[in-house]
Amino acid sequence: MKKLMYCILTLFMLVTLFISCGNQGNGSKDGALTSGAAEKVYVAPGEHDEYYAFISGGFSGQMSVYGLPSGRLFKVIPVFSQDAEKAYGYNEETKPMLNTSHGFVPWDDAHHPDISQTNGELDGRFVFINGNNTPRIAKIDLTTFETTEIIEVPNSAGNHSSSFVTENTEYVVAGTRFSVPVPQRDMPINEYKGNFKGALSFISVNPEDGGMDIKFQIIMPGFDYDLSHPGRGASHGWFFFTTYNTEEASSLLEVNASQNDKDFIAAINWKKIEEYVNNGGGKMMPANYAHNVYDEHTHTATSTMKKEVLVVNPTEVPGAIYFLPTPKSPHGCDVDPSGEYIVGNGKLSADLTVHSFTKMLAAIEGEKYDGEAYGIPILNFEDVLAGTVSQPGLGPLHTEFDGKGNAYTTFFISSEVVKWKLGTWEVVDRQPCYYSVGHLMIPGGNSRKPFGKYVLAMNKITKDRYLPTGPEVTQSAQLYDISGEKMELLLDFPTVGEPHYAAGIAADIVKKNSKKIYKLDENKHKYATLSDNDVRVERNGKEVHIYMTMIRSHFNPDNIEGVKVGDKVYFHITNHEQDYDVPHGVSVIGANTSELLIMPGQTESFIWEPKQVGVWPFYCTDFCSALHQEMQGYIRVSPANSNIKLSWSLGE
Amino acid sequence: MKLCLRGFVFLFSLLVLSCGEKEKKKDGFSVDRTKAKTEKPKPIKSSDKASVRVDLKTKGVGPITSITLETEVNEAMAANGKEVFDKMCLACHRIGKKFIGPAPNKILERRTPEWVMNMILNPDQMVKEDQLAKDLLIEFNGSPMANQGLTEEQARAVLEYFRTL
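Protein chains in written order, with this note's numbering: chain L, 1 to 652; chain R, 1001 to 1165.
Mixed in with the good hints, there may be bad ones.
Anything over 12 Å on all C-beta distances counts as not near chain R; from chain L, calculated [claimed, not checked]:
hint	residue
1	Asn278
2	Asp532
3	Asn641
Straight-line alpha carbon distances no greater than 25 Å define the calculated DSS-like cross-link-like pairs of lysine-lysine that follow [unchecked claim]:
hint	chain 1	residue 1	chain 2	residue 2
4	R	Lys1128	L	Lys524
5	R	Lys1128	L	Lys516
6	L	Lys262	L	Lys215
7	R	Lys1082	L	Lys526
8	L	Lys40	L	Lys75
9	L	Lys404	L	Lys449
10	R	Lys1082	L	Lys519
11	L	Lys193	L	Lys95
Just a few of them, taken from the derived set where beta-carbon distance is under 10 Å, the chain R residues facing chain L [unchecked claim]:
hint	residue
12	Met1088
13	Ile1100
14	Lys1106
15	Glu1109
Quick caveat, the hints were computed from the structure, so don't treat them as lab data. The beta carbon of each residue, even a glycine, is placed where N, CA and C say it ideally should be.
Construct the entire structure; sequences and hints are all you get.
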């Protein structure tokens, strides 16, 4: 009987499979319900996703790693905010990562991830992301998926038109949204006009190790530099920044910065400026900014304060910078895969403006200027205009490209993604977003070679789309299939913090490089214990250093005596595992910091300052083996005046 | 299932009983464990223990199918092996004493060199497929032999070091 039931069930499933397979073929015409949207995002248990998506965490300060098309969350990489789960910014090794000229800053507002490129194509080595509030650029290494470098950006404020890379990752660019006095000084706010400046920073990236260094800053007029993207192909060597508040207002900007009929896209020939500074141009100015580097071999970050920065006055490099008039406070600034079209999305404009790089060069050649702003030539709007997409929606923000001649633009107010054709400027399709979409992302969509299969729209508001969780509800991303003529909504999924922008890449490029363990052989941590023969506890005045090892399923030592109230106890723990996916965690009762989560072969340290006499346990916090519950130890704390000698043991 | 339940009830009542006893004792906690068992397990003869069992045929499962040892110990290799052992193995294996895992002393009187190297190089599969390794896992409280990612050359050196013990 049972057997018969199974047979019938199997037959039924087979038939269902056949039917659904049939549907998939002609599905894209019939909308989501009949086309098997679920199948398109279903990644079977144990299978891998086709793409990585690195999604900014916005005000969480972090960056999350998702798989597409499934929308599954793999990891939240701590970048600008402390993360107690991974001890980032809590352990002694990573505290220096969050150092700035303002001291330790444990939070930021992370906006625009961008993946490193070679020859205009994504190479999957690094992801860069900007901290908006206390201007910083971070680099995440895609072998470890950890933040390995953060550089503060001086003379900047509201680091928003960042962190986009040039075609060969020569530079990662950081532009200021808020102009400020340069150098900072005590002055009346209402003297903004003409006195405040906007710094656009070009941070060089060492081709060998990815090391970042501010090569030069262009000190621009005091506008707001909103977003940017590099030229590519023919326009490689140029960078484009949208500006608003060309009115130079310092108060009530929602009115006062919306007065001008047109603001600008600043076109910057960075190659020319690079040549200028390579020949001794520019001026070193005093500055104070932190450069924090995490060393993979010492597992330790160091923070260095840099004391000067090279600044360039645009008027001293004629022919390097031009303004392209662009209607109504443009936000997104996006360059198509060929490098010919520069799309400026005027937030308050009814139309999308597309500039032509070729026409721009011709206008420059012909010196057809429409005036100048602070010595920077303004080109004629009509001379540089490639075309306009007429009345596509309300509140245009950002544009990405599929590499097949189509562009996709988000509209915040009308809450939709609109697909249109480059060259003919006609609208082809539109799909609603739920709700109020900001950025969108096509994996590789801002490179020469987009992977034009999906677009991910990132929404600011979700309201009723998910189970309610009190006044604060999740923000979300929505995945659309763009392989056909019409876009098709496949999936909604919640995100970590506010997803501003994202960067996506084919998983194959990245996953083969993902590190499995840290080799003990290569562990150069100052306090590493590389052999169990070397475990020990040392006292240096009131400082006690415990050199400890851990392996399934014990700590060595696990009994420690002779610690006293008032001591500052450093736990330096080395994970002796050399197998994939066997981290151990550790913490001790009353520690005023987070746990440590130590990867195989890694050493990490935390400080414990015992305040009470007693015998206090510590234990492994990450389930590691069948005997995980046995992975524990005791530390005896005696009164401050005790003469109990320091001793340690395991299994005695 | 019923048996299991009965066992639980029995153990639990034992726990309650023993807790009562504990208060009287000053030297810690003890239970007459023989009572706790409804049927006496077979006493393990030391020769049954996987750690003392002698098997000079089994080669284990893994990359090593055949190696030949020179009659003379290669001292340089053994020294190198000690270095590797101290770094990668000492956390669980101590010379001359049972620790988390068995002591490696005179291991080649009980095991083939191939088995030793396969246990080092391929422990995950060994504890699933090799009877000796399976029994060792049980004998050593379920502590799995960790894969420390040694190269074949390193494992060979460790083996040479074992010959000197």
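Hint by hint, here is what the structure shows:
1. Asn278: holds, 46 Å
2. Asp532: violated, 4 Å
3. Asn641: Holds, because the least Cβ-Cβ distance between Asn641(L) and chain R comes to about 29 Å, which exceeds 12 Å.
4. Lys1128(R) to Lys524(L): violated, 35 Å
5. Lys1128(R) to Lys516(L): holds, 23 Å
6. Lys262(L) to Lys215(L): violated, 31 Å
7. Lys1082(R) to Lys526(L): Given that 25 Å is the threshold and the Cα spacing comes to 23 Å, the pair holds.
8. Lys40(L) to Lys75(L): Distance ~23 Å between Lys40(L) and Lys75(L) Cα, so the pair holds.
9. Lys404(L) to Lys449(L): holds, 10 Å
10. Lys1082(R) to Lys519(L): holds, 18 Å
11. Lys193(L) to Lys95(L): Between Lys193(L) and Lys95(L) the Cα gap is close to 39 Å, so the pair fails against 25 Å, i.e. violated.
12. Met1088: holds, 7 Å
13. Ile1100: holds, 7 Å
14. Lys1106: At about 22 Å, which exceeds the 10 Å cut-off, the nearest Cβ of chain L leaves the hint on Lys1106(R) violated.
15. Glu1109: With a minimum Cβ separation of about 25 Å from chain L (threshold 10 Å), the hint on Glu1109(R) is violated.
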